[in-house]
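Student: Given the coordinates of chain A, work out where chain B should sit on it, guided by the hints.
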Amino acid sequence: MLHIIVRRIFILIPMLVLLSMISFIIIQLPPGDYLSSYVMRLESQGLVVDEAEIQRLEQRYGLGQPLTTQYFRWMRNFIVNGDLGRSFGSYGSSYDNKPVSDIIMERLPATMIISIVSTIVVWAIAIPIGIYSATHQYSLMDYLSIFIGFIGLAIPNFLFAIIIMWIVFAQTGHAVTGLFSLEFRHAPWSFAKVIDMLKNVWVPVLVLATAGTAGLIRVMRANLLDELNKQYVVTARAKGLSERRLLWKYPVRIAFNPIFSTIGWLLPAMVGGEALVSIILNLQTIGPVLLTAVLRQDMYLAGSIIMILSTLTLIGTLISDIALVWLDPRIRYD
Amino acid sequence: MDGSAEARKRAQSIIDVDNLSVHFHVDEGTLKAVDRVSFTIAERQMFGLIGESGCGKTVTAQSLMRLVPKPGQIVGGSINFFGEQGGKTDLVQLDKSGSEIRAIRGNEIAMVFQEPMSSLSPIHSIGNQLMEAVRLHVTRNKREAYEIALEMLDLVGIPNPVQRMGEYPHHFSGGMRQRVMIAMALSCRPRLLIADEPTTALDVTVQAQILDLIAQSQAQFNMAVLYITHDLGIIAEICDKVAVMYLGQIVEHGSVRDIFHNPLHPYTRRLLASTPRIGQRTSRLQTIEGTVPTPIDLPIACGFCARCPDRIDGTCDVAMPALVEIEDNHFVRCFLHDERQEVVL
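Residue numbers (numbering that gives the first Met the number 0), protein chains in the order written: chain A, 0 to 333; chain B, 0 to 344.
Pulled out of the complex, with its shape left as it was, chain B reads as follows:
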């Protein structure tokens, strides 16, 4: 395969999120969990989504599967999912419990969750839960489904899969359960895997194993991965592209190389600075002052301006910066780099 064909192939996108907004109507007002978020994931790409707790990463991921919990609602934007044959479907337009989205869920887009301890039903056997998606999407034949499930357990490195099929989640450790969840997600050979902080609840040693497993499976199954984390190290290790989220918005977006070597947004810079590095002795760990505000009825201003040491008074606190392509494929939302405003309705 020559270079240009390879590039064309890589550029073929699998999912295109455009101006996605998800609001939660709560008693205190409207919580803008996801605020006009746009990004595109190419086939076979490892796409990282990074941000602090509560910045909207998980809700973004849930939106892609139309699994946003009540009282959340997708209020705007589109999520175009490109089928293998080239057709595209706007997932936002689908009925969230209808048959069309259900044909995609677990089949073309699969998800691994943060909490392996509660992600599996405690009273159904591992085999039962593993075979369920296979029987729904791949084969109705029970025998075949069993063989596929067995193969998957073996693939994710669970020893003794035949015996393990009949066991229950409480017989498994956290790491093993997460392997089961990955086996389950991979069982229908999805084209996009969403991994929502899959290693956060695990021991550090187990984290590395699970991360390796996801990276391996990505190569083996030729799938795209949306990897959600708050751990910069993981992003640096496995991702191709990364989007930094803050307060429901993407504040910086680019290749991993750009983000790590040339961070432009003050938030990204602080985030990188607050990661301890081996070999560098510092008396204090750098932190970002303040806390993330709750995104309810916020004034029109840059979301980070209250915590930003580089803010321009009279600019950052009265208008919303637009997400602008500063370098080739490197987007940033900050008045320090471009004075263009975003029109907020």
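Just chain A, same shape as in the assembly:
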């Protein structure tokens, strides 16, 4: 077990290097570079560009030097200083030329709060319903859960978000814009701020959870239906085990495995967030930043986010694999 984990981590290292290279190539793909567009933008605003500043930045990022040198500088700055470069753009007014790492760190907490809460909600709702649906196949509740599930799956998230915002506003007069109300947006953390967050967080959670819940109900139901008809379930029943005990010990436990194998995908999803819903609900998450960065060719920012998400995908996959080895004795990676 330990042997497998250590070996997999060693395999991860060259993969991560490759990932950083691909991310760097993406950064370099658009014509021009960070500095020339920075200078151009300042000049277009009628500002005089300080030669020394240009020299300093050129030195720092190794611009003008071969791509390989630039890559190594980018990586060295990242590994040594956690510096991923600077953003060109201005996001609102606050992100003007901010370091990429600052932008990401600023938005990470909100992104993770929403993702983790909605994941927990999805699992907490979908798995019991999926189990119920499978054990009561073709019952009224089964059909009802399928019906509601498909509606949840069919309504586009952004549309659902707009509808909920409208309903909340029409009914209570409370405008759900972002994770916090205006007066708390820049306030330090306090009990009142947490309460305020709870007032708002349920909207994105509800929107994100409906789609995820529907999908997971279907997966859980289908997996469990497959397992319920297996001979080992009859064996367990023939031992005299009660229905509830045998259900949880055997078919449910085995039906979980394919779901656990996708647990790794949650990691990048947690950090990436849902761009469209975040834009509509004005959530300060990473999703919309990536979208805007790509649109504006803000390549250090976009490339860095891509690198982080890819890294998390790799780590997530590793976690899934380790979880599966632990859960399913049939699986061995040696």
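Bear in mind the hints are in silico, worked out from the structure with no lab data behind them.
Treat the hints with care, as some may be off.
[Unchecked claim] Each computed DSS-like pair below joins lysine-lysine, with the alpha-carbon atoms no more than 30 angstroms apart:
no. : chain 1 : residue 1 : chain 2 : residue 2
1   : A       : 97        : A       : 192
2   : A       : 229       : B       : 95
3   : B       : 95        : A       : 248
4   : B       : 95        : B       : 69
5   : B       : 69        : B       : 87
6   : A       : 229       : A       : 248
7   : A       : 229       : B       : 141
8   : B       : 69        : A       : 248
9   : B       : 141       : A       : 248
10  : B       : 69        : A       : 229
11  : B       : 95        : B       : 141
[Claimed, not checked] Some chain A residues judged to face chain B by a derived CB distance under 8 angstroms, without partners named:
no. : residue
12  : 233
13  : 236
14  : 239
15  : 249
The beta carbon of each residue, even a glycine, is placed where N, CA and C say it ideally should be.
Tutor: Frame of chain A, contents of chain B only:
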């Protein structure tokens, strides 16, 4: 023990199935998987149930444990199970997932299935699965349960039981898995073991070993065995009594000697004739013409009459023969031997 006491003891029945009917309500109609089946198994008896695929053998066995899968339903009859202290319980009347039947399942009646490859959970260790029934019925003590499981693995001839306890089903061959299943079934010392074609999925050499193991355990544990098979050779080798099933009904029923030496029902005769024998050179293997019909909405007639070479037209195809005792303890359901009809409601 003198002869009469021995006879009385042998005659003491462990389970008495009377007029059992199991129907499956499917889209095409009502499938009569088991149709008014009656038989009695005595203590320490090896009872064989033989028939083609789909004749209702397995559903009959499942009924005894109340494990008939959906949409099957026991629609009539009784299954009286006699307890050690002499009391009897009609299993049909019990809630099929209630505590009373669960106290019997795996404890007094245990079952070995046809498919050793899928009968065990792939992700739980052999020890875990073996100890489960023991901890449910025999002892709550984990240590004791472990010792019993170990002893059982050793008993069924699995080498290195201590190591094997921690292994998983995929480490075992088909024959070894069937041994594990037998160990599991025997672990609570049942009084009736149901073996549902336990050797069908195995290699011939392994088949013989498993068969020996079942016969040995039967003697060692003093239990009755309901052995289900389509293999006449097995019946001849190990059984005392045999019931021949066709289309959900018992068509002939008697001692192994009677059935093999004096088969009365045309189906039994064909079945015996279609078994190849060593030493007899025949150019063609005898077969039974036609196939088993699906028992959905069948006309009132002998189920075998369409395939029967000896059928009496105007009799066999318009009425259902009754199961009649032609000789002492030899029952047959055929108009060739008795003209009594069965009243079909």
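Student: Hint by hint, note whether the structure agrees.
Tutor: Outcome of the hint check:
{"no.": "1", "hint": "97/A / 192/A", "verdict": "26 angstroms, holds"}
{"no.": "2", "hint": "229/A / 95/B", "verdict": "19 angstroms, holds"}
{"no.": "3", "hint": "95/B / 248/A", "verdict": "20 angstroms, holds"}
{"no.": "4", "hint": "95/B / 69/B", "verdict": "12 angstroms, holds"}
{"no.": "5", "hint": "69/B / 87/B", "verdict": "27 angstroms, holds"}
{"no.": "6", "hint": "229/A / 248/A", "verdict": "14 angstroms, holds"}
{"no.": "7", "hint": "229/A / 141/B", "verdict": "27 angstroms, holds"}
{"no.": "8", "hint": "69/B / 248/A", "verdict": "21 angstroms, holds"}
{"no.": "9", "hint": "141/B / 248/A", "verdict": "18 angstroms, holds"}
{"no.": "10", "hint": "69/B / 229/A", "verdict": "14 angstroms, holds"}
{"no.": "11", "hint": "95/B / 141/B", "verdict": "28 angstroms, holds"}
{"no.": "12", "hint": "233", "verdict": "6 angstroms, holds"}
{"no.": "13", "hint": "236", "verdict": "6 angstroms, holds"}
{"no.": "14", "hint": "239", "verdict": "4 angstroms, holds"}
{"no.": "15", "hint": "249", "verdict": "5 angstroms, holds"}
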